[in-house]
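Protein chains in written order, with our numbering: chain L, 1 to 227; chain A, 1001 to 1115.
Read the hints as simulated data drawn from the structure, not as lab findings.
In silico EDC-like links for lysine to aspartate or glutamate, alpha-carbon gap of 20 Å or less:
| id | chain 1 | residue 1 | chain 2 | residue 2 |
| --- | --- | --- | --- | --- |
| 1 | L | Lys149 | A | Glu1081 |
| 2 | L | Lys149 | A | Asp1040 |
| 3 | L | Lys149 | A | Glu1035 |
| 4 | A | Lys1028 | A | Glu1058 |
| 5 | L | Lys15 | A | Glu1104 |
| 6 | A | Lys1068 | L | Glu7 |
| 7 | L | Lys8 | A | Glu1065 |
| 8 | L | Lys149 | A | Asp1042 |
| 9 | A | Lys1028 | A | Asp1042 |
| 10 | A | Lys1028 | A | Glu1113 |
| 11 | A | Lys1068 | L | Glu6 |
| 12 | L | Lys83 | L | Asp111 |
| 13 | A | Lys1028 | A | Glu1065 |
| 14 | L | Lys15 | A | Glu1012 |
| 15 | A | Lys1068 | A | Asp1042 |
| 16 | A | Lys1028 | L | Glu7 |
| 17 | L | Lys149 | A | Glu1083 |
| 18 | A | Lys1028 | A | Glu1063 |
| 19 | L | Lys8 | A | Glu1063 |
| 20 | A | Lys1028 | L | Glu6 |
Some, not all, of what chain A presents toward chain L, calculated at C-beta under 7 Å:
| id | residue |
| --- | --- |
| 21 | His1002 |
| 22 | Ile1006 |
| 23 | Asn1021 |
| 24 | Ile1036 |
| 25 | Gln1095 |
| 26 | Val1107 |
To spell it out: a stretch of chain L is covered by chain A in this simulated footprint if at least three of its residues, at any positions, have a beta carbon under 8 Å from a beta carbon of chain A; those stretches are:
| id | segment |
| --- | --- |
| 27 | 2-8 |
| 28 | 113-125 |
C-beta atoms are modelled at their ideal positions from N, C-alpha and C, and glycine is treated no differently.
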Amino acid sequence: MRVAVEEKVLSENDKLAMRLRARFRAHRVFCINLISSPGSGKTALLERTLAALPAQARVAVLTGDIQTENDARRLARAGFPVKQITTGGTCHLDAAMVEKALADWQLADLDVLFIENVGNLVCPTSYDLGEHAKIVVFSVTEGEDKPLKYPSIFAIAELCVVNKVDLLPYVPFDLARAIANVRQVHPGMEVIETSCTQLQGLDAWLAWIERRRQRALTEPEGGEPLS
Amino acid sequence: MHELAIASAIVERAQAVAQANGGGRVLKLGLRVGEISGVDPDALTFGIDALCRGTPLEGVALEMERPKRRQRCAACKTEFEPEGFLVACPACQHQTSECIAGTELDVTYIELEDP
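Could you put the whole structure together from the sequences, leaning on the hints where they help?
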């Protein structure tokens, strides 16, 4: 006997993600999901981002790792609400983890929620967290062919941040080719070059966030999942 | 390696469907795993086998459809399967297109032993 099912394997996650998306919309919270390999600088980028914001900014961070509270401790120095999600082995965040982490926060108090995913270019790609945009961070110490080797995340992310550009003189990384590789996978993709140690490109990054936030507020149905 | 979490969701779904349809043994699962779903078919098969061992689903057969990535050109609406990740439209060379297939990760059917 054959029973037709025809549903998404991750339909449970997608349902929770839609619920989160509805809550973000209701409270006018702009949410971004940062994805990269381990060590490409997601936490450093967020540290610099938080440090650049005025004390009254209504922002918060959820940061995911398999173990340790180290990232939350680093990020909490800026004085904004930060919560660590330790997955205990799971290589990505899912919508249930985000929902649980948000349980004792008032979304009405926030304008922007940053989610720093577990360092991994593969698995976080499959999990909708209800965010408006996925952003891929790609550092110049990783090799310019990363977008070709891990195309899925580059295909669905809205923005690629190329980080650690201060190291370009010291590493065999062809920036022009790297950006061409990004755009081969995702034609027209926006790219911002940053250095979190030399404070380069951060103005462009902050401006992108604000521009994208305004768009999310005026087009509240935007940011739907790809599939 | 998120295939195990995905395998677990599939096995749970199969068990629930079997329960709801008389509790018969599950013989076969139909799956649809798109080319750019981010899921490796071998790792997924391994995960399902491992999770089913010692359960009524042990030895379940898998039929996996593997839809190719398909794009629709933003300018002329031609649908095409890109070669690798070169996604210019083959008809008009336009650079922008939307992904219309290839990201699927679905359970399509579950085959149960007849009661």
